[in-house]
Amino acid sequence: MSTDIPDNSPGDASETSSGNAPSRAELAVRVDELEESLAEATEDDDTKKMSIIATKGTLDMAYPPLILASTAAAFGYDVTVFHTFWGLDILHEERSGDLKLSSVGNPNMPLPNAVAALPGMDRLTTRMMERRIEDNDTASIQELLETSLDMGVEFQACQMTIDLMGYDEADFYDGVTTGVGAATALQDMADADIQLLV
Amino acid sequence: MSAEFDTTETLDVTGASCPMPVVKTKSATDDLATGEVLEVVATDPGSMSDIDGWAAGTEGVELLDQNEGDDVYTHYVRKTE
Numbered sequence: 126m127s128t129d130i131p132d133n134s135p136g137d138a139s140e141t142s143s144g145n146a147p148s149r150a151e152l153a154v155r156v157d158e159l160e161e162s163l164a165e166a167t168e169d170d171d172t173k174k175m176s177i178i179a180t181k182g183t184l185d186m187a188y189p190p191l192i193l194a195s196t197a198a199a200f201g202y203d204v205t206v207f208h209t210f211w212g213l214d215i216l217h218e219e220r221s222g223d224l225k226l227s228s229v230g231n232p233n234m235p236l237p238n239a240v241a242a243l244p245g246m247d248r249l250t251t252r253m254m255e256r257r258i259e260d261n262d263t264a265s266i267q268e269l270l271e272t273s274l275d276m277g278v279e280f281q282a283c284q285m286t287i288d289l290m291g292y293d294e295a296d297f298y299d300g301v302t303t304g305v306g307a308a309t310a311l312q313d314m315a316d317a318d319i320q321l322l323v
Numbered sequence: 006m007s008a009e010f011d012t013t014e015t016l017d018v019t020g021a022s023c024p025m026p027v028v029k030t031k032s033a034t035d036d037l038a039t040g041e042v043l044e045v046v047a048t049d050p051g052s053m054s055d056i057d058g059w060a061a062g063t064e065g066v067e068l069l070d071q072n073e074g075d076d077v078y079t080h081y082v083r084k085t086e
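Respectively, the protein sequence lines represent chains A and B. So the first sequence is numbered by the working numbering: it starts at 126 and just counts up by one. So the second sequence is numbered by the working numbering: it starts at 6 and just counts up by one.
Don't take every hint at face value.
Mimicking BS3-like on lysine-lysine, the simulated pairs with C-alpha atoms at most 25 Å apart in a straight line are [to be verified]:
1) LYS84(B) <-> LYS174(A)
2) LYS225(A) <-> LYS181(A)
3) LYS84(B) <-> LYS173(A)
4) LYS29(B) <-> LYS84(B)
Hint data in this document are derived by calculation from the structure and do not stem from the laboratory.
Let the sequences and hints guide you as you build the complete structure.
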């Protein structure tokens with residue numbers, strides 16, 4: 126506690142002065158504190174951050190966010206992937222193993238759209254792609270997701286679209302964050318060095 | 006083929022393709038002590054550029070060497086801190 130007697134001794138740095146004006150010693154302590162917290166804040170900023178918004182749930186579009194997330198985690202980045210709309214299926218334990226490839230509207234498919242639109246074609250093109258993924262030893266969606274979770278990637282499932290799609294929080298992989306919305310995603314993007322919408 | 010470095014561990018990622026060689030290399034270096042060297046054996050040609058880029062962009066690891074054999078790519082990574 127400070128005393129009521131003004132302390133004019135210049136050599137005494139530990140005593141507190143009376144009144145509202147801080148003593149030189151108090152200011153010096155405060156400057157030290159601020160420098161310390163500035164150093165801490167600067168240090169924290171050394172960890173790079175990546176924020177991805179995953180909106181697609183087709184087999185081909187599920188790969189880019191997961192490959193980038195796991196690779197960024199390998200670089201030591203803090204990674205958040207916010208899944209919304211069809212992107213939720215990537216985090217859905219049951220549906221993630223059954224993602225489809227659309228054969229319609231894809232100019233790289235060797236089929237005219239009129240043929241691609243026939244019943245069963247999506248199943249056929251999906252199976253073809255799954256075969257190629259297997260032959261090429263490309264990691265599966267589940268493998269990439271579980272690897273990313275192990276590496277500390279934060280996967281978030283948008284609450285509004287969980288409700289919209291009629292999903293249950295228990296449908297998602299263990300470790301997936303639920304109960305988050307656009308404001309959470311925006312905050313992550315504002316803090317991130319890299320922001321991607323997939 | 007003899008290793009040019011005293012390697013502590015060997016990681017076999019033959020067959021695996023992007024991003025697994027980098028991801029598994031990262032996990033394996035986490036288990037090393039400072040100064041130890043990891044040998045990574047891959048068949049993914051992309052691992053030459055990817056492991057180089059990963060090591061350059063990651064704190065605490067150093068890429069010592071990369072060798073290209075017959076469809077086999079060998080990388081040597083030292084944990085520096």
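Hints, one by one, checked against the model:
no., hint, result
1, LYS84(B) <-> LYS174(A), "23 Å, holds"
2, LYS225(A) <-> LYS181(A), "11 Å, holds"
3, LYS84(B) <-> LYS173(A), "20 Å, holds"
4, LYS29(B) <-> LYS84(B), "14 Å, holds"
The earlier numbered hints are all upheld by this structure, with none contradicted.
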